Amino acid sequence: MLTPATANDVTDKGDAAGDALVLRHLSKEYRAGVPVLKDINLEIPGSGLTAIIGPSGTGKSTLIRCINRLVQPTSGEILYGGQDLAKLGGAAMREARRRIGMVFQEYNLVERLTVMENLLCGRLGYVSAWRVWLRRFPQRDIDHAFSLLEAVGLAGFENRRADALSGGQRQRVGIARAVMQEPKIILADEPTSSLDPKTSVEIMELLRNLGAERNIPVVVNIHNVELARRFATRIVGMTGGRVVYDGSPGDLTDKDLNTIYGGENWLE
Amino acid sequence: MSTLDQTAARRRAFTPNWPARLFFLAFAIYLVYAASRLGFNLERMSYGLEHGQRFLARMFPPSFARSELIISGIVESLQIAIIASFFGIVLALPVGFLAARNLMPVWITWPMRAFVALCRSFHPIIVAIIFVKAIGFGALAGVMALIVASVGFISKLFAEAIEEISLKQVEAVRATGAGFFAVLVMGVLPQVLPRFIGFSTYQLDSNLRNSTMVGIVGGGGIGATLFTAYQRFDFDVVLAILIVIVGMIMVAEIVSGWARRVFQ
Amino acid sequence: MTVTEALHHDWQRFTLAQKLSRYAFYLASVAALVISLRTIEVIPEFLYDAPTQMADLITRMWPLDWTYLQPTLTALIETLHIATVGTFLAVLMAVPIGLLAARNVTPSAPINLFAKFVFVTSRSVNSLIWALLFVAVFGPGPLAGTMAIAFRSIGFTGKLFAEALEEANMGSIEALTASGASRFSTLLMGYWPQARPAFWSIALFRWDINIRESAVLGLVGAGGIGVALETAMSLLYWDQVAVVLLAIFAVVVLAEIIVTTVRTRLI
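Residue numbers (my numbering), protein chains in the order written: chain E, 1 to 268; chain C, 1001 to 1264; chain S, 2001 to 2267.
Same shape as in the complex, but just chain E (with noise of 0.2 Å):
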């Protein structure tokens, strides 16, 4: 997996932390001259809760989604585990994505799967179409999953079909899911927005414990500044297309808040 002639010194931190994602110059336009990302450099280390805030429309889904690449950036480098995610294509970036995981807004689950079938969708990259036909996946898988269930507070769901749970119980089964492809780092595109404020907090707390208790990291797009002051180790402002603040939570200013979602930036 990693080729030591791409190899720089940012994949070299050893175990105790996984690989830091690089973002250079990186761009998306949608519709040619209309940038929704225009020249992104971020640099995400090997653990903690990054989140990114900014106003709806600016990105921050677009951004999410060329990590993995969702959605094909129209240029720049996204460096991971040595490789240049951009650059790759069919199997090789199939292998890329089972190591980063999601988590969606809306969830996004088979509804008429069961749970566990849901949770072993995470070892699609690694199982075979045919033991998935039969539904044979690796006992360590199943148990994997059982374990996580309980992780996620769903014990004894496993049975139970997707579209019967509630918008919480789905995104911990969302969550879960991720988890369950043992992932080097996980992403979640606004993974609260369809909650309730309880709800939301207990999502975003077991976003945090789990990716401390594996040594994940987190990038999280967020609307709540609040929730993202109370978990985040990191917070990364954007608007309009721009990285406008990087700092820890404690020096986020309501300055920088008005840089980011306030006056003239609204009427752009």
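Check each hint, because a few of them may be wrong.
As the list claims (entries may be wrong) - Here are some chain E residues pointing at chain C (derived, C-beta under 10 Å): (1) Glu111; (2) Thr114; (3) Met116; (4) Trp133; (5) Arg135; (6) Asp141; (7) Ile142; (8) Ala145; (9) Leu154; (10) Phe157; (11) Glu158; (12) Asn159.
In short, the hints are calculated from the structure, not lab data.
Treat the numbers as computed from the prediction; the structure is a model and nothing was measured.
Built from N, CA and C at the ideal position, the CB exists for glycine as well.
Starting from the known structure of chain E, arrange chains C and S on it as the hints suggest.
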């Protein structure tokens, strides 16, 4: 991790669906049996492959030498489809109303529903055969057969559409003191008209397809021309007719798609 | 649509272009009807004669000739085999083509178009005409009938299956793609669970239609109960024809009852 026998008892990742498995097994066995009864075997298949090649070879290139025959046949098919659709739709409107259980008393809906079921249960071809015997060869028998099919199809769906309407709106119209027909026209029809148009254009397509077929049993249209060419082994003419039929139905689908959008 | 909207619709709901296209539609319909009615060749004498001929037909059907029940039932079972095996083969062929036709599964316009062309061809050629073609290939018998049913049904089942796939919630699919799943695994765990209820209901619905369709294949020598019908009719034994018609009616009603109960259980 907990001990294995404990996990085996409680932790079943997937509950096996035995009834479904048994059903699929039984179905597979049935398929093998039925296929053998129907003559699916290597001998017939290799025979078919050989004949199929010769058959295809004789089809190509398609021959449009008899184009005036093909055109007159297609025109007659079109006429059959249009007339049958018109009378079918006109008849289906009242029949559908009378069969709607939320508007009519049981003593009307029951016989109407039985009539609709009778119209639907026989394939248009069988109905066409009966009409050919009753009123002789020609386009009229085809028209009558397709009218029966149209009444069966449209009335059933129309009655179901009426049964799904919101009675609150009907109530509102009734509250204005409107009479029975005014309630139908103002309270019921606006709710079901777009769907009625949808069923009707669908039936027009379907009638067009079937009008290419009734000729095989003497009901007029291109089917007669096709069957004659087939019996004379003029397979190149058969292919030409098939191409024309597919082309005509593609055009008809585009036109009816346009009609549905206009009345959206 | 509310009542007030309906009341206003002549002067509010439609733009001029909409009104014009409606009038064009009415005009075209009326013109097509009038032209068809004036030019269709109908022999009036036949029409005047129709009621007496019809009455004569019905009196000849009564009483039913129950001795014909035995061959009718044998042929009926063959018809059921044709319908079931034919539907199975159709579904087998329709699923891969349906995958090619669904725009979200196969994001390639030329391939989608090709698959849709296959569907239109399959649906445009009637079952009886498909039967003629397969009789020429396989010779007379139920094999030709089964193949006719199969090929005729590809278009219907495939088109509806492709539509069901296109309605799948793309969020779930995106999630599976994000986990690094292969295309086949995405189909299996993402698309299939979402399209499965539609799939079964399409297959059942088509089976119901195919029972009606396979009843006539015998008229061109492609097996099933149509053969019994053809034999009785060519000998003008109308009391036997009535038995066959009754048998078809019974099995069609039965199939419809089966399909409705299974469908409510299944979904």
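Hint by hint, here is what the structure shows:
1. Glu111: Glutamate 111/E check fails; min Cβ-Cβ to chain C is 17 Å, beyond 10 Å.
2. Thr114: holds, 8 Å
3. Met116: This hint holds: methionine 116/E lies near chain C, its Cβ roughly 5 Å from the closest one there, short of 10 Å.
4. Trp133: Given a least distance of 12 Å, the restraint on tryptophan 133/E is violated.
5. Arg135: With Cβ-Cβ at 5 Å, under 10 Å, it holds.
6. Asp141: Since chain C brings a Cβ to about 9 Å from aspartate 141/E, closer than 10 Å, the hint holds.
7. Ile142: Status holds, d = 5 Å.
8. Ala145: Status holds, d = 7 Å.
9. Leu154: violated, 14 Å
10. Phe157: Where the cut-off is 10 Å and the nearest Cβ of chain C is about 12 Å from phenylalanine 157/E, the hint is violated.
11. Glu158: The hint holds - glutamate 158/E has a Cβ within 10 Å of chain C, the shortest such distance being about 7 Å.
12. Asn159: holds, 6 Å
Checked against the numbered hints above, the structure violates hints 1, 4, 9 and 10; every other hint is satisfied.
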